[in-house]
Amino acid sequence: MDYVIEMLGITKKFPGIIANDNISLQLRKGEIHALLGENGAGKSTLMSVLFGMYQPDSGVIKKNSKEVCIDSPSDATRLGIGMVHQHFKLVHNFTVLENIMLGVEITRNGFLKMDDARKQVLEISQRYGLDIEPDALISDITVGMQQRTEILKMLYRKNEILIFDEPTAVLIPQEINELMNIMQGLAAEGKSILFITHKLNEIKAVANRCTVLRKGRYIGTVDVASVSKEELSEMMVGRKVSLTVDKPDKAPGGVIFEARDLVVKSRLTGKNVVDHVSFQVREGEIVCIAGIDGNGQRELVYALTGLAPPDTGVMMLDGADITRESIRGRDKHGMAHIPEDRHKHGLVLEYNLAYNLALQTYFKPRFQKRRFLRFDAIYQYAAALIERFDIRSGQGARTITRSMSGGNQQKAILAREIDRDPKLLIAVQPTRGLDVGAIEYIHQQLVEVRGSNKAVLLVSLELDEVMNVSDRILVIFEGRLVAELNPKETTQQDLGLYMAGSKGNLPAFSKEESSA
Amino acid sequence: MNGRLKQILNLNNSASAISSLTAILVGLLAGFIVLLLSNPSQALGGFGAILTGGVSDRKNMGQMLYFATPIIMTGLSVSFASRTGLFNIGASGQFIAGAYCAVLVSVRAPFLPGPSRWMAALLAAMIAGALWGLIPGALKAFGNVNEVISCIMMNYIGMYLVNFLITQTVFDSLKNQSMRVSGNGNLPKMGLDLLFREGNNVSSANFGIVIAILMAILLCILLEKTQFGYELKACGFNQAAAKYAGINERRSIILSMTIAGAMAGLGGALLYLAGSGKGIDVVDVLAAEGFNGIPVALLALNSPVGVIFSGLFIAYLTVGGFNMQLYSFAPQVIDIIIAIIIYFSAFALLLKNLLRQRALTGQEGEKS
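Taken in order, these protein sequences are the chains called A and B. My numbering numbers the first residue of the first sequence as 1 and each following residue consecutively. My numbering numbers the first residue of the second sequence as 1 and each following residue consecutively.
Everything labelled a hint here was simulated from the structure, so no lab data went into it. Any given hint could be a false lead.
Said to hold, decoys possible - Covered by chain A, per the in silico footprint, the following chain B stretches (three or more residues, Cβ under 8 Å):
#1 218-227
#2 233-246
Said to hold, decoys possible - List of simulated lysine-lysine pairs, DSSO-like, C-alpha gap at most 30 Å:
#3 B/59 / B/189
#4 A/369 / B/243
#5 A/332 / B/243
Every residue, glycine too, gets a C-beta built ideally from N, C-alpha and C.
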């Protein structure tokens, strides 16, 4: 079997971490080869080595069985290796055509020969079915078309080995399907594709073979057709991962939290963005607020957590009226909050991990003595949480939080909020942007919180998450709760209809119908 | 594990030191080029004078301590506010408010026995400066008024108000300045003037520098070791997260500006109670010491202890600048040189970020 590219025994170390530990990857001609791994598994590093951005500490790279040395991205380009980066490298005020020819312009006597370039680009775009407008400005076109421009850039340079770095992360579902078709077309034309991802569905859909990395180590290479998604995810995470949430039946107890008739007015328009919302959350129950983004979820959460108090309405937590309480006051009554935006609200990124783990508790006697912080106690506590919640980072408790991966940042927030032993945990999109292993972990933790008779209020946009995790679904549409559903008696399609506002079973919904 | 921690700490500290020193070197080089352009024949001698002036004799060393004291205080003021994410450009107004109140108490309260007179004067200065910082802080916290604008306004209000009040209360019409402070109204010398002298020529060094250094250490402990410092820094880094964590960000902003103002006010007192015979001139010019606090803070990368050194450095240049007059450079050129050096020193932060980025590229690369 001949390979177009072989990376053999690649090792790359960074201070405090071995990003790639003796990794081998062999790419056949005309195949789509997926590179699978969690965040921080070393995929991007490996591809950066192949693309000449990093030099490996050991190991060799061969092209067509001949050893090559790739010192810079231009070396890689000369060897026919092209890459579509996760964040596109396009000049926004140039046209598509100008971007494609940038760096390899055809000139005569110093003048650009745009017509020749245009002819070639159009020819390539037709051959591979890459629909573009050559004269449109990059800033005016969709993300999907920007991505096609990146692909055309590689093809225009006659690259034979194409690297796609998490290409679907920025696309909407229709565009993803389109991209999958394009990739298959390219492979059929004899291009070899390396496809970096952590989405199993996409691998099953297009890839021929798949190499799996875990924590910088090589786990194995498999034929995609012969393995199941479950097996792939087990290879990736290193243990069995259940793609559905394991949740025992549980009868909910007494009411822990109640919101009555909450109204939040928009500061700009004066309209009710949260419109007379009332609900209860009981002990040992996960209640999910489901809805399409921008239907008042954020304002509702801000009102509940005190970030921006509601205009009218009452909130009761464990029998106490917390409507007028400060944020700290709510904390003291037993409310914990996993915020939607972990960088904006959840963490002080410049603080180290230990400081962030103490962000809600630093003032408690165990962490301060006469208002001087007890650093030994803070670091001990951090070490305990890091151990218990398996938070990984380069330098342990002293890692600056900004340098941690998203999954581990989220774990840190989760650890901090759960360990405060709250009565009510408000989790807003807790799995946004995370990979399978981390998502499973966070769902398990939420179910565990429920198991210990706490109340959980989950706000989510993900249908899977809504259906799998919650005991009761409240659908929010244009600031009103329009439906209350039992996930066991509802289908995803149905839920979709409620979320789109075309169905409802609560008074708020009928009220609107009667007025309409 | 422990070894690794030390490595990390060293990385950060050495990056700070290296970047500050590099910035200073580049500044000195640029200053030398300007000297060459303005007067080539005297350039080398003049440059030598500015480089060695501060240590050429013991009196000059004392003068350096004297000049450093007020700008260390305003530097502390600016850097402390920065740690809470606020730009205190109002140090000038706070400084002059403090200076006036100190002089007023010192001159008009001779009945206070012994050292309690200058102590009361310092306290009055801190209160006045604190008030001048509190107002922009409160406006920011409750009205979201940009502190830069309100601070600039407070600078002018402070300057004109002080000019007016001096003429009403402690005016020396012959010199068109405030009356001189005498006796126990002044800070004690603690023998520093005699330690730093040349022959019979004593310097203006006094107890003020000790107070400034103590304040820097105090602020450092406050920021790094206490719950309050933890809250202030959290606000400075990420106000939204601080709010989410239940930290009262309004209180933090107001207290931060108040403390910053008190520091600048104290700086005013330390200068005019230094016993050097200096009075507050009744002129329509903002106090330069307040603005000099900005480069002092920048050069120190907002570290309170670093401010001691950057303040001494800029005072060192000032003293060296006086020596340059021997080489027939116009005072304006000397000011330009000092300004250029300070200007380049502001690149310290830029350099530090570059160094850190290079060191962190590895870990960052792994993040995605």
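Evaluated hints:
With 3 residues bearing a CB less than 8 Å from a CB of chain A, the segment 218-227 of chain B meets the requirement of three and the coverage assertion stands. Judged by the Cβ-Cβ criterion of 8 Å, the segment 233-246 of chain B is covered by chain A as claimed, because 11 of its residues qualify and three suffice. For the given pair, residue 59 of chain B sits about 14 Å from residue 189 of chain B by alpha-carbon distance, which is consistent with the 30 Å threshold. Restraint check: the Cα-Cα separation between residue 369 of chain A and residue 243 of chain B comes to about 23 Å, which is no more than 30 Å; the hinted pair holds.
Under the criterion of a C-alpha separation no larger than 30 Å, the hint pairing residue 332 of chain A with residue 243 of chain B is consistent with the structure, at around 15 Å.
Consistency note: the structure conflicts with none of the earlier hints.
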